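Protein chains in written order, with our numbering: chain A, 97 to 432; chain B, 97 to 432.
Source of the hints: derived by calculation from the structure; they are not laboratory data. Some clues are possibly wrong.
For chains that are exact copies, the list does not tell them apart, and a pair is met inside one copy or across any two.
Stated by the list, open to error - With a cut-off of at most 27 Å between alpha-carbon atoms, the simulated DSS-like pairs for lysine-lysine come out as follows:
1) 190 with 252
2) 200 with 214
3) 214 with 424
4) 281 with 202
5) 316 with 404
Predicted model, so just to flag it, every value in this text is computed and none were measured.
There are 2 protein chains.
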Amino acid sequence: MHLPSGGRLSIAILSFGLTALLSAVEAKASDPLPSWNDGAARKSIVAFVEKVTRPGSPDFVPPAERIATFDNDGCLWAEQPMYFQAFFAFDRVKALASQHPEWKDKEPFASVLRGDMKGALAGGEHGLVEMVMATHAGTTSEEFEQVVTDWITTAKHPTTGKLYSEMVYQPMLELLQYLRDNGFKTFIVSGGGIEFMRPWAERVYGIPPEQVVGSSIQTKFELRDGKPVLVRLPAVNFVDDKEGKPVGIQMHIGRRPIAAFGNSDGDLQMLQWTTAGSGPRFALYVHHDDAAREWAYDRESPVGRLDKGLDEAKANGWTVVSMRNDWKTIFPPSAR
Amino acid sequence: MHLPSGGRLSIAILSFGLTALLSAVEAKASDPLPSWNDGAARKSIVAFVEKVTRPGSPDFVPPAERIATFDNDGCLWAEQPMYFQAFFAFDRVKALASQHPEWKDKEPFASVLRGDMKGALAGGEHGLVEMVMATHAGTTSEEFEQVVTDWITTAKHPTTGKLYSEMVYQPMLELLQYLRDNGFKTFIVSGGGIEFMRPWAERVYGIPPEQVVGSSIQTKFELRDGKPVLVRLPAVNFVDDKEGKPVGIQMHIGRRPIAAFGNSDGDLQMLQWTTAGSGPRFALYVHHDDAAREWAYDRESPVGRLDKGLDEAKANGWTVVSMRNDWKTIFPPSAR
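So that you can see chain A by itself, here it is in the shape it has in the complex (with noise of 0.2 Å):
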């Protein structure tokens, strides 16, 4: 073939746009998780990945089965200094206010109205469920779906000035994809709620509604003016959380999981379930011991306490990242 020396020139630079374009892909494929320091953690995660999904392998996972759950509270998004879901509920408390003025004189709904986060909280769970469905209750799925949204992409951080989706983890963002790029079907499996998550879980994680499993309130299907709607009820459905998540696990997804990702006590029953399956199993606790770049804090925390799961994943070999030394980065570099 004769070719001028233009077109030799051509060939040249789009043979380098090659090189260049296959390096970086390349790159890519050795370095899918480039957040994460070479420790042991990283190296425990990618050896079962590798494991699961090399042809021939006696420890060959189909992709079918290829399941993964995430914890998201403290594992996928931060949970300090309360899980976000309070906060989502203490601003609808605020802005239903002037509907409910007997709020006014009322625990906690008054504590979240002078601004007393202590208050509001002094209830513990049940307040906090109590909030959760005064505030949620009687809208219809789609009005939920449509406050969460205004929220996730408007509400900030009281501390760091973020928004609450920008404090999501940068290495487990890369978990998932690397997981989902080697066949895996990742599900969040989480006790916060299910509706809550939903709205913008696709477009944070990659997790499409169908694959979020959480808490929830009863909903009920009626006529309103001929138009079916979904009323969501002032009544507790299903507590994803502790001996929850296997059962929500086995209700929702019908499968176990070969692989599980938490970072609290709330996960211990989760862990438990997907390691006692036969076959390679995998079970990951995110250890939050970095107070410069996050929060440190394990087994006398009100918030994500993580003290005999501590000791669990020790005797059964788990893998414990540490945010400190095993991650390079923990949030995302700029806004998403």
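Please arrange chain B on chain A, whose structure you already have, making use of the hints.
Showing chain B alone in chain A's frame:
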């Protein structure tokens, strides 16, 4: 390029083979629904799928939102002379009778043990639920999966002598595949037991466990000899029928379907919920009007009654499939 004559012949043969292959591919592409006659029902399905998948069309729906939900009993497989899960429950009563001497004198168990099907069903849905709970409860989720798997691979229908999994509708299998080939995610949304369908839905329908929605009994996580198990409890958790279907859809899928397929009044609210969404929507009823090849029943049938739904379908222009006229075959040609 120069070729010896043998080479030319090889190429001619190869070329012929390729042409034949391409024709086969084209035939398949041009006829994704070979068991459907070319009537209004088939035309409406194809028109809808082409409309929502054509890029640039005002009716284009992104793949993530192409959710299609299917009833099971009477829509994907037969349901006469009674729901197949009732036969399963009867078989369980017989298998467990020696451990329950009290059943000899207690209805509906006594009727089942006498072989009196009519008496066994006299208690209606309530009696059936009681039977299901009495025979399923106490087992672990894994034990139950094994029991269902054993049954579905061996038990035969009393009048046709076929395996129950052979009594699925060939045209609906093609429809499921056609939708999936066009980027739809297919779900079962059935009044039947979720754990009764999951063990075989993937093999028979190509629908994985996490895309099966159904009725359920409660389960409980516990450690048995240090091993985590999920135990089935004798208490109803959720009834996925009528008004329950949109609730189950929201709980499991979290997104409104754009297409829904049913055959009875139990599916009416699912079809209402689906078609009430904005943008292109599709609703279809399978009408059992083929006494020669299957069964003929609608407004007066105790099982799978289609009365109000038939009127609403007419009023709303939903597609109604005549099994007699629209389907070339009912069941798959040979044992699966």
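I'd like to know which numbered hints this structure contradicts. Please list them from smallest to largest. Going through the list in order, the structure violates hints 3, 4 and respects the others.
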